[in-house]
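Number of protein chains: 2
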Amino acid sequence: MNFKIIIRALGALLLIESFFLLLSLGVSLIYGESDWSALLYSSGITLFVGAILLAISHKAVKKVGKREAYIIVSLVWIVFSIFGSLPFILSGEIPSITDAFFETISGFTTTGSSILNNIEAMPHGLLFWRSLTQWIGGMGIIVMSIAILPIFGIGGMQLFSAEVPGPTADKIHPRVRETAKRLWGIYLMFTIIETILLLLGGMSLFDAINHSFTTMATGGYSTKQASVAYWSSPYIQYVITIFMFIAGANFSLSYFAINLKFKKIWQDEEFRYYLGFTLFFSIVITVMLIFSENLGIERSFRDAIFQVVSLMTTTGYATADYMSWLVPISTLLFVVMFFGGSAGSTGGGIKIVRIVIMFKNSVLEFKRLIHPNAIIPVRMNHKAVNGRVVRNVLAFIVFYIIIFFVSTLIMSFFGLDVETAMGSVIACLGNIGPGIGSVGPAENFYTIPDAGKWFLGFLMLIGRLELFTVLIILSPAFWKK
Amino acid sequence: MNFKIIIRALGALLLIESFFLLLSLGVSLIYGESDWSALLYSSGITLFVGAILLAISHKAVKKVGKREAYIIVSLVWIVFSIFGSLPFILSGEIPSITDAFFETISGFTTTGSSILNNIEAMPHGLLFWRSLTQWIGGMGIIVMSIAILPIFGIGGMQLFSAEVPGPTADKIHPRVRETAKRLWGIYLMFTIIETILLLLGGMSLFDAINHSFTTMATGGYSTKQASVAYWSSPYIQYVITIFMFIAGANFSLSYFAINLKFKKIWQDEEFRYYLGFTLFFSIVITVMLIFSENLGIERSFRDAIFQVVSLMTTTGYATADYMSWLVPISTLLFVVMFFGGSAGSTGGGIKIVRIVIMFKNSVLEFKRLIHPNAIIPVRMNHKAVNGRVVRNVLAFIVFYIIIFFVSTLIMSFFGLDVETAMGSVIACLGNIGPGIGSVGPAENFYTIPDAGKWFLGFLMLIGRLELFTVLIILSPAFWKK
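If you're matching them up, the sequences are chains X and R in order. Note that the working numbering has the first sequence beginning at 1, numbered continuously upward. Note that the working numbering has the second sequence beginning at 1001, numbered continuously upward.
Extracted from the complex, chain X is given alone in its bound form:
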């Protein structure tokens, strides 16, 4: 194991974090609020530690193997969250270390589960930093899914990259740097466009930037305690819905869209299912809302599609308290929470491509029982999917479900009722934000015991990194020569 290169990578990344903290300091200075010192100290400490790590590892051999990559990827989220929580602690705005770490890792993993009871009371610099953690996390996850996850061979992640200029061999291709840059450009561009559109809808510049950050990251942190429900404007809600949907789609498709290759988008099977699921659930819930809540067709449709897109893409904004809706509707949304965004998006969850492979394989299993000697492969985009990938996808989903149930059990030990235990687990494991039960959209995670918060933070991490990336480090086989 090349430990020095791991240290070096973390050191370099800390310098980047220090820069982003400095950016937040700028915001604080504009507003002239008291949080500037906390941000300045945090940036300084992060810079200092980063520099030390770089200094002690300057002789590192520049060879990053697969195993080093696993460790770097897992550690960077933790290290970022530790240093990223400093501003909250130093400013006294979130005095508990547990709460501050929870809020920060919930940011970097683009989860969006919050412990804050009065978001509006927080100074602007810290609020900006809070949204920025999600934007950075979203950026990081795009790079990861383009450059690193396909190399790990974690099921389904290889599939989406086939059509994209990206890594094809089993080592990081020089073109990956190109691709990553290009996708960052698109990420930035969409953030700017959404900001402008939200400004046109009457949002303040500060709120518009923050919401664009957390939309594109499918993060879901809002600057308002009431989340997007604060703005009753249909225009704002529809704009956010559209950008959540874009953020939950494969980013390479946006690349095609910009190059006006719309046919290529439609050819992508995962996208067609993503669109199909979204419309299907939205329409079903619209109909149910029309009859149960009596809010009229447009409002029902808007509430339905906003909530479906928000939860399926794992963003987690709310324009309505879906826990107050009919039980079948909130149960349906609970099922939607398992879906997740597309591969190659900033969304979490199981991911559409895996859901589709699982469904296709289940149906084919009947065919295989009838024709036991025929070889009947799963097909995506008209190509046969390798049997190993299918097995890994199934193993992933089974793992996801096991973790879901075991974690629900663990959360119930912390005194939560079954529904809240399930809700908190899927909200964090799926990087969604709000869950069901007492962690629904109208409430938050403040009352969960400390140990529960640390555990949920761990779930955010493994959920964000496609389970295997983190858990493999805990397996003995990983450390065997």
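By construction, these hints were calculated from the structure, which means they are not laboratory data. Treat the hints with care, as some may be off.
As the list claims (entries may be wrong) - Sample of chain X residues with no beta-carbon within 10 Å of chain R, all distances over it, derived:
id	residue
1	N2
2	F3
3	L22
4	L29
5	L75
6	P95
7	I115
8	G153
9	S254
10	P372
11	I402
To be verified - Dumping the calculated EDC-like pairs for lysine to aspartate or glutamate here, alpha-carbon to alpha-carbon at most 20 Å:
id	chain 1	residue 1	chain 2	residue 2
12	X	K383	X	D321
13	R	K1224	R	D1450
14	X	K224	X	D321
15	X	K367	R	E1068
16	R	K1004	R	E1068
17	R	K1367	X	E68
All C-beta atoms in this analysis are idealised placements derived from N, C-alpha and C, irrespective of residue type, glycine included.
Keeping the supplied structure of chain X fixed, place chain R upon it in accordance with the hints.
Same frame as chain X, but now just chain R:
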């Protein structure tokens, strides 16, 4: 499709059902109660219809293919439940057709979910018939898992039969008849032994026979509204625990036990896990009960192991209302409900062998990610499991979970809260009996709307027949030439 042979098989099986109805009539006559006429008419109608079916199919070609077998196996449970519900309807004891059918299919599938609010008020003949449906169902399921399911190739079911004198080729071997007879003998023998042991504990002969019927079938119907909690005797509770455990183990192991080949039992990997899971969950819950319920060590252990064995083997007896225990305990029991008995037992659920293969495969997936070019098979009993079987097992589990979630959703449409919806689904899909929420062990299924009862009956059927057996008939590929 050879429809005539299907009709012929059903006709012959109806004659058998008519005989068992006659047996219940005998019990009714002994007690001199008013239900004799209902049982007599039911037996007569069943005999009559069976004879007609035989008559119209007497020219049937004696060739049963795989597809005919699928249809016979699925239909027989439905047909038996239709005719088996006649005594309840004709006697007026369960006037609603829905309720009577629910109670009967719950019997034949060895589920044990009941709609009865006052079991003790029912005449003895009908109570005996109710228990007998489970005993017949258990018998049927043993024959099926020995003779038919391995031929279908439904994942995991091939595995247990490898060591047993049973079918090895892809058609029904003449030795299967031998094996089936032998296992029936064991089933009958255990039923008699348990009856004697329960008599020795002070149970009445009627109660002893009924409980032995429903223990060996892992059915769980009791002659008392309070279930086994009616008898406070530790002896009775331990005897039932042991026999539930035996019924949840592979029946071929009992065959070895009778031949004093204990080493062979220990060599069976599924059995070791079955024992291990049972002890693990029992001990964890014992410790939790000692501290939360203050009932002393012996009582805590007895309640814990009784409930764990009852729910894991999918029997469903209760000696305590586990819904009144701490939330973490009832949540743990909810997880146990997914496990199920061993393959080749009368237990339902996912089955231990599948759970073990799933776990092993999940752990190996890490190894495979580290060594992407190595072929790393799952091993059971020191032998590599075919990759197709592993994939089928994973597909089975994924299917099980999908059905669980979708059915929960459907039940929530019938007005159930989320917990009760989940509880009713797992109770019926897993052939357990009581669930969680408002269908816990202290309550029953009476208040569920009619449409919900029919749907739950369908879940019992597909759960009992390893999902694929029934669902394959609904797939278009099945009907294509």
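K1224 (chain R) paired with D1450 (chain R) [C-alpha distance capped at 20 Å]: Distance of about 24 Å is beyond 20 Å: violated.
Should the label of N2 (chain X) as a non-interface residue stand, given a Cβ cut-off of 10 Å to chain R? holds (16 Å)
Far enough from chain R: is every CB of that chain over 10 Å from the CB of P95 (chain X)? holds (30 Å)
Verify this label for me: P372 (chain X) is non-interface relative to chain R, using a Cβ-Cβ cutoff of 10 Å. Given that some Cβ of chain R is not farther than 10 Å from that of P372 (chain X), nearest at about 6 Å, it is violated.
Report holds if the minimum CB distance from S254 (chain X) to chain R is greater than 10 Å, and violated otherwise. holds (29 Å)
Are all beta-carbon distances from I115 (chain X) to chain R longer than 10 Å? holds (22 Å)
L29 (chain X) and chain R, when compared Cβ to Cβ, separated by more than 10 Å: The claim stands: L29 (chain X) keeps its Cβ more than 10 Å from every Cβ of chain R (closest is about 47 Å).
Is the Cβ of L22 (chain X) farther than 10 Å from every Cβ of chain R? Non-interface label on L22 (chain X) holds, nearest chain R Cβ at 38 Å vs cutoff 10 Å.
Given the hint that K1367 (chain R) pairs with E68 (chain X), does the C-alpha gap stay at or below 20 Å? holds (16 Å)
Restraint check for K383 (chain X) with D321 (chain X), where alpha carbons must lie at most 20 Å apart: It is violated: about 42 Å lies between the C-alpha atoms, which goes past 20 Å.
Would the hint linking K1004 (chain R) and E1068 (chain R) be met if the CA-CA limit is 20 Å? holds (10 Å)
Per the stated criterion, does the least C-beta distance between G153 (chain X) and chain R lie above 10 Å, as a non-interface residue requires? About 6 Å separates G153 (chain X) from the closest Cβ of chain R, which leaves it inside 10 Å; violated.
Comparing the model with each earlier hint shows violations of hints 8, 10, 11, 12 and 13; every other hint is respected.
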